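For what it's worth, our numbering labels the leading residue of the sequence shown as 45, then goes sequentially.
A portion of the hints provided could be inaccurate.
[Stated by the list, open to error] Computed Cβ-Cβ distance ranges for the label pairs, DEER-style:
# : residue 1 : residue 2 : range
1 : L225      : A137      : 32 to 38 Å
2 : R61       : S150      : 33 to 39 Å
3 : L141      : A169      : 19 to 25 Å
4 : A227      : K254      : 21 to 27 Å
5 : I251      : Q148      : 35 to 41 Å
6 : P256      : A152      : 34 to 40 Å
[Stated by the list, open to error] Heads up, simulated SDA-like pairs for lysine to any residue below, C-alpha to C-alpha not over 25 Å straight-line:
#  : residue 1 : residue 2
7  : K140      : R115
8  : K140      : G88
9  : K254      : F67
10 : K140      : F151
11 : K140      : S150
12 : K254      : A77
13 : K140      : S235
14 : K140      : E123
15 : K140      : G97
16 : K140      : H109
17 : K140      : G114
18 : K254      : S235
19 : K140      : K254
20 : K254      : S237
21 : K254      : P244
22 : K140      : R89
23 : K254      : A226
24 : K254      : L225
25 : K140      : L71
26 : K254      : A239
27 : K254      : L71
I should point out that these hints are in silico values taken from the structure, not numbers from a laboratory. Everything numeric in this text was worked out from a predicted model, so none of it was measured. For every residue, glycine included, the Cβ atom is placed at its ideal position computed from N, Cα and C.
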Amino acid sequence: MQNAMSLTSAQVRELDRLASERFGIALDWLMEAAGWQAARACDGRTAVVCGVGNNAGDGLAAARHLHRWGRLASVSCIERARLHGDAQRELEALLKLGVEVGDQPSFAGADLVLDAVFGTGLNRAPEGRFAEWIEAINASGLRVVAIDLPSGLDSDTGVAYSPCVRADLTVTFTLPKAGLLAADGPRVSGSISVADIGIPQEALAAIGVKAPS
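With the sequences and hints as input, model every part of the structure.
This is the structure we're talking about:
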């Protein structure tokens, strides 16, 4: 049973739709806010590891803020060519600052890792390079901050696929995702910090979810 103070992946998609279509909040604003909140949680030099979806866009936005603050050790993206929309624009903004975006994770000089490989869309075990990058994060020996939920965790069921990032801190947005509170979620998520990215209370009410106080 879903915790009443959590969100499923379908509810997250509906909130994004409502924010944009009914309340006039551009989705790139939400990505920018998510990146800023994730960057704030990184208290040392950070290796940002990105996948290809909106979670990667959040990571790239975070990398830009970390670069401004002098706390970016490296940023990598699995397949830059697969980025699109707001995530692609976040990549372009980072490149215009002269930041190198690698095609392999690099942890040299880093104090911690920001995991932005998968978000709420994952519903099966990671494969190929995605699995390799998750394993590299776990093998780094560094503290791990996950964006929204650890990569490899099913956001609805809480099943930790193999492999799954083992986070020390998960910065989740608006409300915890249901999977963070179920099954394997508490074991792999570390501490959970809920961050506000500007979803209006009216949008939450429209999907029947009580806004956090």
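- Are the Cα atoms of K140 and E123 separated by 25 Å or less? It holds: about 19 Å lies between the C-alpha atoms, which stays within 25 Å.
- Hinted pair K140 and H109, Cα distance within 25 Å: holds, 14 Å
- Item | Given pair status - A239, K254, alpha carbons within 25 Å | holds, 16 Å
- Assess, step by step, whether the Cα of K140 is no farther than 25 Å from the Cα of S235, and give holds or violated. violated, 34 Å
- Query: L225 and A137, beta-carbon distance inside 32 to 38 Å?
  - Reply: holds, 34 Å
- Confirm or reject the claim that A227 and K254 have a C-beta distance inside 21 to 27 Å. Given about 23 Å between the Cβ atoms, the range holds.
- Message: Would the hint linking K140 and F151 be met if the CA-CA limit is 25 Å?
- Response: At roughly 23 Å apart (the allowed maximum being 25 Å), F151 and K140 satisfy the hint.
- Query: Given the proposed pairing of K140 with S150, does the C-alpha separation stay at or below 25 Å?
  - Reply: holds, 21 Å
- Item | Hint consistency between K254 and F67 [alpha-carbon to alpha-carbon, up to 25 Å] | Status holds; Cα separation ~18 Å.
- Restraint check for K140 with L71, where alpha carbons must lie at most 25 Å apart: The given pair, whose Cα atoms are some 21 Å apart, holds under the 25 Å limit.
- Task: With respect to the beta-carbon atoms only, verify the hint that R61 and S150 lie 33 to 39 Å apart.
- Result: Holds - the Cβ-Cβ distance for R61 and S150, about 36 Å, lies within 33 to 39 Å.
- Message: Checking one constraint from the list: CA of K140 to CA of G97, max 25 Å. Satisfied?
- Response: OK: K140 and G97 at ~20 Å, within 25 Å.
The structure is inconsistent with the numbered hints 3, 13, 19, although it conforms to all the rest.
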